[in-house]
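S.K.: Sequence:
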Amino acid sequence: MDIKRFYAVFKARNIEFFRDKSSLSWNLIFPVLLLVGLSFIFSGDGRAVYKVGVMDLAQVQSPFVETRYIDFINYHRLEMAKKKLSQHHIDLLIDFAGKSYWINEQSPKSYLAEKIFLSSQKHFARRQASGKQIRYVDWVLPGILGMNMMFSCLFGVGYVIVRYRKNLVLKRLKATPLSAFEFVCAQLLSRLFIVMLMSVVIYAGCNVFFDFYMSGSYFDLLLIGILGGFSLITLALLMSSRSRSEELVGGLLNMTSWPMMLLSGVWFSLEGAPEFLKRFADFLPLTHLVKGAREVITEGASLAQISDHLLALALMSAVFLSLGAWLFSWNGEG
Numbered sequence: 005m006d007i008k009r010f011y012a013v014f015k016a017r018n019i020e021f022f023r024d025k026s027s028l029s030w031n032l033i034f035p036v037l038l039l040v041g042l043s044f045i046f047s048g049d050g051r052a053v054y055k056v057g058v059m060d061l062a063q064v065q066s067p068f069v070e071t072r073y074i075d076f077i078n079y080h081r082l083e084m085a086k087k088k089l090s091q092h093h094i095d096l097l098i099d100f101a102g103k104s105y106w107i108n109e110q111s112p113k114s115y116l117a118e119k120i121f122l123s124s125q126k127h128f129a130r131r132q133a134s135g136k137q138i139r140y141v142d143w144v145l146p147g148i149l150g151m152n153m154m155f156s157c158l159f160g161v162g163y164v165i166v167r168y169r170k171n172l173v174l175k176r177l178k179a180t181p182l183s184a185f186e187f188v189c190a191q192l193l194s195r196l197f198i199v200m201l202m203s204v205v206i207y208a209g210c211n212v213f214f215d216f217y218m219s220g221s222y223f224d225l226l227l228i229g230i231l232g233g234f235s236l237i238t239l240a241l242l243m244s245s246r247s248r249s250e251e252l253v254g255g256l257l258n259m260t261s262w263p264m265m266l267l268s269g270v271w272f273s274l275e276g277a278p279e280f281l282k283r284f285a286d287f288l289p290l291t292h293l294v295k296g297a298r299e300v301i302t303e304g305a306s307l308a309q310i311s312d313h314l315l316a317l318a319l320m321s322a323v324f325l326s327l328g329a330w331l332f333s334w335n336g337e338g
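Each residue of the sequence shown is one higher than the one before, starting from 5 at the first, in this note's numbering.
You can trust all of the hints, since none of them are fake.
List of simulated lysine-lysine pairs, DSS-like, C-alpha gap at most 27 Å: (1) K87 to K113; (2) K87 to K103; (3) K87 to K119; (4) K126 to K87; (5) K113 to K282; (6) K113 to K126; (7) K103 to K126; (8) K103 to K113; (9) K87 to K282; (10) K119 to K103.
Quick caveat, the hints were computed from the structure, so don't treat them as lab data.
Throw the hints in and build the complete structure from the sequences for me.
M.R.: Now the structure itself:
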């Protein structure tokens, strides 16, 4: 290996990076923002290990409700609380007034929460959650598929457009009869076709081994998947509409994907989370994709019943697409 040639390339790449003020700034700022955000979200003694629903919590005097690392969530309607338990939103349900508690036999966390409860409480009647008790793998399935779609949409579109712009492919395309609208539409529909095809293949393949629970319509599930994927793709278009820096766009895409991965209900329910956190999550497209798909799969929801999620995704798609098309540049800036 020629040391001079190696050093010349090494030096040139370093100079290129440090001269790119936007990506340099982002590489310094993003970890700080991520640390601040995570410390704020999971402030206090740490994230609770279990979520326990309690009927009329304000009236309960038991010392058990002071247990650390357990989120105690107040419920007034027993049927609603039992439904939340059966769908893995909470791990245990207790009615202190009626001296009864409910568990989800399909949930390991429910089993452990019961053991903790019984270590300090006696003479409570043990009951099982009413209705179909789905497995955790059935509950988490929409989150995993949604997260896979998110990464494929954001990075599959964002990086490709920036690379085309950086390699002057877009500049050459600009000299052809191809319009910006035609180019953007082709990119969007191509990625949407790929994402949906891969999602269907993954679902069908895994279903052979896991035999997923499905209470609703596959057509409804496909529809919200298409709308959710389109919303994520248009968001990627907006992120990459002008920049030529792969580092900067990579940072922007990470900034977009991390909150969605943490707050969209992919791995755990936001039941019992602060209200402002739930409101913030409602502005994330992945939240509506995962919630809508989960309601179709686990609750058998119809299109009318998930219309709020469909409307939110449609509005987000319209906003992202409009801004992305308006800001789109063949040559880019920065």
